[in-house]
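**Student:** Here is how the chains run, residue by residue.
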Amino acid sequence: MEPVRRIEGTAVPLDRSDVDTDQIVPAQFLKRIERTGFGPFLFHEWRKDPTFVLNDERYAGAQILLAGPNFGGGSSREHAPWALEDYGFRAVIAPSFADIFRNNCCKIALLPVELEQESVRALMDAVLDDPTTRIGIDLETLTVTAPSVQESFAFDDFRRWCLLEGYDDIDLTLRHTEEIAAFEASRPSWLPTA
Amino acid sequence: MPAESKTLAEPKTLAQKVWERHVVHRADGEPDLLYVDLHLVHEVTSPQAFEALRLAGRRVRRPDLTVATMDHNVPTTGGPVTDETSARQMDALATNAKEFDITLYPWGSAGQGIVHVIGPEMGYTQPGLTIVCGDSHTSTHGAFGALAFGIGTSEVEHVLATQTIQQAPAKTMAVTVDGKLSAGCGAKDVILGIINRIGTGGGVGHVLEYRGAAIHALSMEGRMTICNMSIEAGARAGMVAPDDTTFAYLEGKPHAPSGAEWERALDDWRSLPTDDGASFDAEITIDAAALRPHVSWGTNPAQSVTIDDAVPHPDSFDDDAKREAARRALTYMALEPGTRIRDIRPDTIFIGSCTNSRIEDLRLAAGVVDGRTVAEGLRALVVPGSVAVKLQAEREGLDRIFVDAGFDWRGAGCSMCLGMNPDILQPGERSASTSNRNFEGRQGKGGRTHLVSPAVAAATAIAGHFSTPEDL
Chain A
0 MEPVRRIEGT AVPLDRSDVD TDQIVPAQFL KRIERTGFGP FLFHEWRKDP
50 TFVLNDERYA GAQILLAGPN FGGGSSREHA PWALEDYGFR AVIAPSFADI
100 FRNNCCKIAL LPVELEQESV RALMDAVLDD PTTRIGIDLE TLTVTAPSVQ
150 ESFAFDDFRR WCLLEGYDDI DLTLRHTEEI AAFEASRPSW LPTA
Chain B
0 MPAESKTLAE PKTLAQKVWE RHVVHRADGE PDLLYVDLHL VHEVTSPQAF
50 EALRLAGRRV RRPDLTVATM DHNVPTTGGP VTDETSARQM DALATNAKEF
100 DITLYPWGSA GQGIVHVIGP EMGYTQPGLT IVCGDSHTST HGAFGALAFG
150 IGTSEVEHVL ATQTIQQAPA KTMAVTVDGK LSAGCGAKDV ILGIINRIGT
200 GGGVGHVLEY RGAAIHALSM EGRMTICNMS IEAGARAGMV APDDTTFAYL
250 EGKPHAPSGA EWERALDDWR SLPTDDGASF DAEITIDAAA LRPHVSWGTN
300 PAQSVTIDDA VPHPDSFDDD AKREAARRAL TYMALEPGTR IRDIRPDTIF
350 IGSCTNSRIE DLRLAAGVVD GRTVAEGLRA LVVPGSVAVK LQAEREGLDR
400 IFVDAGFDWR GAGCSMCLGM NPDILQPGER SASTSNRNFE GRQGKGGRTH
450 LVSPAVAAAT AIAGHFSTPE DL
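Top to bottom, those sequences are chains A and B. Those letters in the first sequence? Residues 0 to 193, per numbering that gives the first Met the number 0, in order. Those letters in the second sequence? Residues 0 to 471, per numbering that gives the first Met the number 0, in order.
It cannot be assumed that every hint is accurate.
[Stated by the list, open to error] Listed next, the in silico DSS-like pairs over lysine-lysine satisfying Cα-Cα at most 27 Å (straight line):
| no. | chain 1 | residue 1 | chain 2 | residue 2 |
| --- | --- | --- | --- | --- |
| 1 | B | 444 | A | 47 |
| 2 | A | 47 | B | 321 |
| 3 | B | 321 | B | 97 |
Keep in mind the hints are simulated off the structure, nothing from the lab.
Make the full structure from the sequences, and use the hints.
**Tutor:** Next comes the structure, spelled out in structure tokens:
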């Protein structure tokens, strides 16, 4: 994984709560067996509406998605972060995220940044007012900066370290192979096998 | 949970006990590395994980703890699979299972079915296990007192390669359902009521433990329905303490322990329930007797009311986000505030999905429709969760009851729960569905989903508008 330290760019304001992963990428597009190429299906149904914010030319090329609370709920499909990443997003800023979605984002270095609802509101207002507003997200200092906003955010220490260093989870876990083998030797004999 | 890891003398919750006994590696500032006892795999979320293993030259560490089936893409009308991309995804799983030596119950085999239906019915799902699957409804297996998480594809790859999973600390929430359910109310109404109370994000970061007299009185099928929808409240997992109902369900199942091993397992399982005096990070209590059959009116599973109510007005909600979400939902659902739920007329009835497709669900629905006829113009289908459920229902003659009433009797699969196979809603079509998600387009582009119990789905099929069996 490529290390991530700082992301800076323009942002799209998606002012909706409870955006579930079925909206991010509908099930009919989950039949691909590749990991890439999901960008065209991002928010597939909503994008048919010409007034949908992603269709607004002023927000083209944005690297940050601003959204309402409980973003990414529902299905565990990693295809949702894949679609966001493939479309060009490198971070999502929202007041709260669903657990599995947040995990999945960290695995592919798409930053899930949680800010207070008022701060997200202030960023949305800034971006609605001026779509060229640039937002910076610094994973080292754990700060979000925009012309009118300066906020710090919390991020799981271990995930942050993995992202800053670009570590692969499986490589990290394989350092514990001996402990895994020792654990396996201690498992009760009645446990199910295929 | 490590943050509050307790000494032996301290009382622990069920979730803490199962968690603690699976810690392979623990270090400050790192998530716990937990051993995975059972890894369930289906065709949608696994191909990229297998491909990544292949590219890295890695093997599956424990093919003997990995079980695969095909469920999301399969047609329920006997086939063939006409969608090329579906066929490609199913073929990929068959190829991967063969190459990595994994047990697969493919489409067309006697063991096939929805992954969360076949795991329990074959006895793979047992108390005290850690179970993962690239599917959010893995929470279902918590009904047995297992700690079961839905995971993403990168995590599927991690589990295949290492048989472990990194888990950040979880909090615990006791969801106590006291008292006795009234007639006509079932497990689905309990969980829809809970989600309505705590919201779609109410369980985030928590493992829920369902307890209390009303939970204890439920069958394993009912407990699975409740644990299944834990994710709809945003929870990491949902669990029920194992008891005699659990043990009776498991005894004699093909992959459950037998003989002396059964006795040893029982001794262990009896030590799992939450200790007296153990504390939870959060607690809520629900009065079972006050629950009524629930029907969702919106586009997330928290947006529901009882069948005796009317569609709410967006202004009745207490914050801007909820009001706006309600307005959007009502527009999508083409519903007017104030409309009585019983006056809403669906076009399609779907009885199935990993939430409500087990034998008990089908028996209940068949009991309602027996000798009656599906309302004119309605499309109604029953989709058993597994080939085994289908065969059992046919032995009991339930298929004849459904077919005589005017239902389609289908083969096993995820079917109309999600738009990945030929069973979908048409744009604008309205369903009464026993599935778990009423998201926009979930059952097909433009489809409008109302989540209900099997009893309400069956009664609604007969009446032509939302109804309970008592209304008929």
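**Student:** All hints, please: hold or fail.
**Tutor:** Against the structure, the hints:
{"no.": "1", "hint": "B/444 <-> A/47", "result": "holds (12 Å)"}
{"no.": "2", "hint": "A/47 <-> B/321", "result": "holds (24 Å)"}
{"no.": "3", "hint": "B/321 <-> B/97", "result": "violated (49 Å)"}
When the structure is compared with the earlier hints, a violation turns up for hint 3 alone.
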